[in-house]
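2 protein chains.
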Amino acid sequence: MSGKTTRDDIVAAADELFYKKGFEHTSFSQIAEAVRISRGNFYYHFKTKDEILEAVIARRLAKTRDLLAQWEEDGETPEARIRSFIHILIVNRADIKRYGCPVGSLCTELAKLNHVAQADANKLFTLFRTWLRRQFTLLGRKADADLLAMHLLARSQGVSTLANAFHGDKFIRREVEEMCGWLSDRAQEVAG
Amino acid sequence: MSGKTTRDDIVAAADELFYKKGFEHTSFSQIAEAVRISRGNFYYHFKTKDEILEAVIARRLAKTRDLLAQWEEDGETPEARIRSFIHILIVNRADIKRYGCPVGSLCTELAKLNHVAQADANKLFTLFRTWLRRQFTLLGRKADADLLAMHLLARSQGVSTLANAFHGDKFIRREVEEMCGWLSDRAQEVAG
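From first to last, the protein sequence lines are chains C and S. Going left to right, the first sequence walks through residues 1 to 192 as this note's numbering numbers them. Going left to right, the second sequence walks through residues 193 to 384 as this note's numbering numbers them.
Extracted from the complex, chain C is given alone in its bound form (with noise of 0.2 Å):
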């Protein structure tokens, strides 16, 4: 195995424990141990929680990036793009109900711990804001893009955060197809 496949498969590791218990919980020894390296092996790589998480969230911009990509490249108009957001609440809703959005839960954890790396995690939102906000512009809604924009990333985040608590698919299921619905509204209102 090389260096760089143990360092992905460390960073891989981190990343899924980080969400699903945590940044702060989450110890050395439980991400070398799903791994399955030794400590010196791991040392070699990381030597602080900190630099696993720049890692860590340097490869969630990345998957980002790449899946924003796919949706563009997978819907025909900024409309159906749109939906390709909205729907990874039912796509991701196993993990969600249990773990919560990893975006948003990451984001609020470090800035609680106001930790240094907050401003790279909320990158993660910039990206779906920005990407949101251009498809919103290309539905011809150019003046309040950012503000459309912003509030799907709200409702999003919310319906996450709530599915978190009470589990319930039927709630995520009409969240979302009230999501689609006031989205073709806006296109509507473009159009009319």
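Among the hints, erroneous ones may be present.
Mimicking BS3-like on lysine-lysine, the simulated pairs with C-alpha atoms at most 30 Å apart in a straight line are [unchecked claim]: (1) C:21 with S:239; (2) C:170 with S:315; (3) C:97 with S:315; (4) C:49 with C:63; (5) S:255 with C:47; (6) S:212 with C:21; (7) S:362 with C:123; (8) C:21 with S:241; (9) C:63 with C:170; (10) C:20 with C:97; (11) C:142 with S:212; (12) C:49 with S:289; (13) C:49 with S:212; (14) C:97 with S:213; (15) S:315 with C:20; (16) S:334 with C:20.
Partial list, computed: chain C residues near chain S (C-beta under 8 Å) [what the hints assert, rightly or not]: (17) 20; (18) 22; (19) 98; (20) 125; (21) 128; (22) 130; (23) 147; (24) 155; (25) 164; (26) 171; (27) 175.
Quick caveat, the hints were computed from the structure, so don't treat them as lab data. For clarity, every value in this text was computed on a predicted model and none was experimentally measured. No residue lacks a Cβ here, since even glycine has one placed at the ideal position from N, Cα and C.
Given chain C, put chain S in place with the hints provided.
Showing chain S alone in chain C's frame:
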């Protein structure tokens, strides 16, 4: 200082620290330091952090009941009462921008910790949900009162999470206005 008061002081200090730093990140000694009592005196009242958490949740439940009773008394109509709920986003915006929502962030953290107190913490959400449901019923929306309550709770949670990440006062005010608009549309659907 009576034993009762010292205990109350501990719980109040822990409540604030759990909110501002997170439950996991707050240590016994930080709480003792905030209350300026000896470790011995501290242990007389609480043996574990989980015991403190239980008391903190009980305190928050009591304070939430008081708050809801106050809104009930102050608001002449169900619509006015629901607006009181919406406006906590503005009233508490300074803390929300720094630390998020106390209810949402605690529930999310305890879900990741898979903590036994998770169900108790979720009762905080349930208090708001039940109260909102009753107000929507009084508003004449008996059939979908719970859906509307959950929808509004989710919107409020989402605004907290994004205000915490992006610190925008304008964003909060605009979303509060949108929620109030949404509310008066729901009321007019009944009247119309």
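Which earlier hints can't be squared with this structure? Numbers 5, 11, 16, 21 and 22 - these are the hints that the structure violates, sorted from lowest upward.
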